[in-house]
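Model the placement of chain Z on the given structure of chain B, informed by the hints.
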Amino acid sequence: MKRLLILGAGTAGTMAANKLRRRLHPDEWRLSVVDQSETHFYQPGYLFIPFGRYRPDEVSRPSRRLLRDDVDLIHGEIALVEPDHNRVLLTDGRALAYDYLVIATGTTPRPDQTPGMADGRLWRSSVFDFYTYDGAVALASALGDFRGGRMVVHVVDMPIKCPVAPLEFTFLADAYFRECGIRDDVELVYVTPLPGAFTKPIASHRLGSMLEERKIVLETDFMVESVDPDTKTLVSYDEREIPFDLLVTVPLNMGADYVAKSGLGNELNYVAVDKHTMLSKQFPNIFAIGDANDLPASKAGSVAHFSVEVFADNFVRYVGGKPMLRRFDGHANCFVESGAGKGLLIDFNYDTEPLPGRYPLPWLGPCRLLAESPVNHWGKLAFRWIYWHVLLPGLPVPLPSHLTMAGKHPEE
Amino acid sequence: MSTTMIGGREVHVDEEGFLTQYDEWDEDLAKQLAALIGVDLTDRHWTAIRFLRRDYRSQGETATLRRAAQLCGIPIKELFQLFPKKPAKKMAYIAGLPKPHGCV
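So the protein sequences, as listed, match chains B and Z. The first sequence begins at 1 in the numbering used here and counts up one residue at a time. The second sequence begins at 1001 in the numbering used here and counts up one residue at a time.
With the rest of the complex left out, here is chain B (with noise of 0.2 Å):
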């Protein structure tokens, strides 16, 4: 009997096993997945909860559902891979041996790793994160009582988990304040690490222009140094000083420290893989999918959902003794909320930027690529049902994993 293992049930860890589980053959394979948490967070709805807009309740679900029931789910928390022995310890004292290993652990934010920004004054109750379901509901309430004054979006660095989730928020907040009524008593500023709003050209003017017709202000090439409890300032490493009354943060997202702990990861704790099939570099045995790897992608649901469709594939041929024929080519799509109902819907991959056009069919959309509509706020909306249902439980969806270039326009 052969052991497969996978590190994490998120999206990748849970599509991949119930998609494995699918095609290897009980008799000749165990397949087991570890986590900490035996809660699974439907995570793209965090967004939302700041604003009252989904109820806390609307983002989980117990793991084991998710699970197919000839999938074991192992509850504990990893502290070492030792692949020289082929097994993984948990901080419990076992020990679980396997054949192949899929890391799936994903990445977190760490507000420890910016001086200031954890300090006990501030977190969470001036600072916030909302890529994390305590933060998101944290902030739910704080901004429940904020009346006005200056509020900062702010990015350590990237790659962080979802990179358009930011600028979503600070959509979003903008037309909150609107409906609030106290739009002109706040002060937007948007702080990024990045030369402009997004990393890609055309994107980063379309995204930047949405930022200005808000009147919201842009801070670019921000690197933070710190973040100054006392007089409630980010501070950059070339002494730019920017206050705050609320700031919401994107702490520096990390993999997690047992990847590093055994010697697999690189500065930000990530698995080294080849860009193309997520293989190790350094094992024969191993992959990392998801958030947990290097690819030069965006860290996103969706990079997780089509790349797990081409190493599902892969793993299969693979571990038969054949070669993997498919290749990930970086593919993401994300819908991006930007206010009152509306929202932008993003297609890219490893080499071809976010252009304007329409998806998924060529023409007819119903999506618009690139530029703000109501389908793609309801688009959004209603991925949430496509995620539980269709996505997680490893069903076909009618997405190609690979980008096409049909119904986009480079020149426009």
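Among the hints, a few may not be true.
As the list claims (entries may be wrong) - Derived list of chain Z stretches under chain B, where covered just means 3 residues or more per stretch with a C-beta under 8 Å from a C-beta of chain B: (1) 1009-1020; (2) 1024-1037.
What the hints assert, rightly or not - Simulated crosslink set (DSS-like; lysine-lysine; CA at most 25 Å straight-line): (3) B:Lys2 <-> B:Lys161; (4) Z:Lys1085 <-> B:Lys232; (5) B:Lys322 <-> B:Lys161; (6) B:Lys322 <-> B:Lys281; (7) B:Lys275 <-> B:Lys322; (8) B:Lys161 <-> Z:Lys1089; (9) Z:Lys1089 <-> Z:Lys1099; (10) B:Lys161 <-> Z:Lys1031; (11) B:Lys342 <-> B:Lys322; (12) B:Lys200 <-> Z:Lys1086; (13) B:Lys281 <-> B:Lys161; (14) Z:Lys1085 <-> Z:Lys1031; (15) B:Lys200 <-> Z:Lys1089; (16) B:Lys2 <-> B:Lys322; (17) B:Lys232 <-> B:Lys215; (18) B:Lys275 <-> Z:Lys1099; (19) Z:Lys1085 <-> B:Lys200; (20) B:Lys232 <-> Z:Lys1077; (21) B:Lys200 <-> Z:Lys1099.
Keep in mind that the hints were calculated from the coordinates and are not lab data. Here the structure is a predicted model, which means the values were calculated and not measured. Every residue gets a Cβ at the ideal spot worked out from N, C-alpha and C, and that includes glycine.
Structure of chain Z alone, referenced to chain B:
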């Protein structure tokens, strides 16, 4: 892909002036590139630049600021002093490597 003359020799560059051929670079050229952006090279600069060259050869990508600071032992704060304003970009420029791309 265009070429330009730097210090009396022809090199391949992208539209922003970053060298595109790893092997067209040497330490003499680095001095010329540094002079073009107003950086006087000290031993500390060289530590960073030589790290970036080695790291690119093994990784195939230009190191980010955080990676450079961690692996060559020069704190980010000091990299900002050595290569003012845009250290990641300036280091890559002098080391003759592609501009580091912030991951999307």
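Okay, the hints, checked on the actual structure:
no.	hint	verdict
1	1009-1020	violated (count 0)
2	1024-1037	violated (count 0)
3	B:Lys2 <-> B:Lys161	violated, 33 Å
4	Z:Lys1085 <-> B:Lys232	holds, 24 Å
5	B:Lys322 <-> B:Lys161	violated, 33 Å
6	B:Lys322 <-> B:Lys281	holds, 19 Å
7	B:Lys275 <-> B:Lys322	holds, 19 Å
8	B:Lys161 <-> Z:Lys1089	holds, 24 Å
9	Z:Lys1089 <-> Z:Lys1099	holds, 6 Å
10	B:Lys161 <-> Z:Lys1031	violated, 39 Å
11	B:Lys342 <-> B:Lys322	violated, 47 Å
12	B:Lys200 <-> Z:Lys1086	holds, 18 Å
13	B:Lys281 <-> B:Lys161	holds, 23 Å
14	Z:Lys1085 <-> Z:Lys1031	holds, 19 Å
15	B:Lys200 <-> Z:Lys1089	holds, 16 Å
16	B:Lys2 <-> B:Lys322	holds, 17 Å
17	B:Lys232 <-> B:Lys215	holds, 23 Å
18	B:Lys275 <-> Z:Lys1099	holds, 20 Å
19	Z:Lys1085 <-> B:Lys200	holds, 21 Å
20	B:Lys232 <-> Z:Lys1077	holds, 21 Å
21	B:Lys200 <-> Z:Lys1099	holds, 13 Å
Of the numbered hints listed earlier, those contradicted by the structure are 1, 2, 3, 5, 10 and 11.
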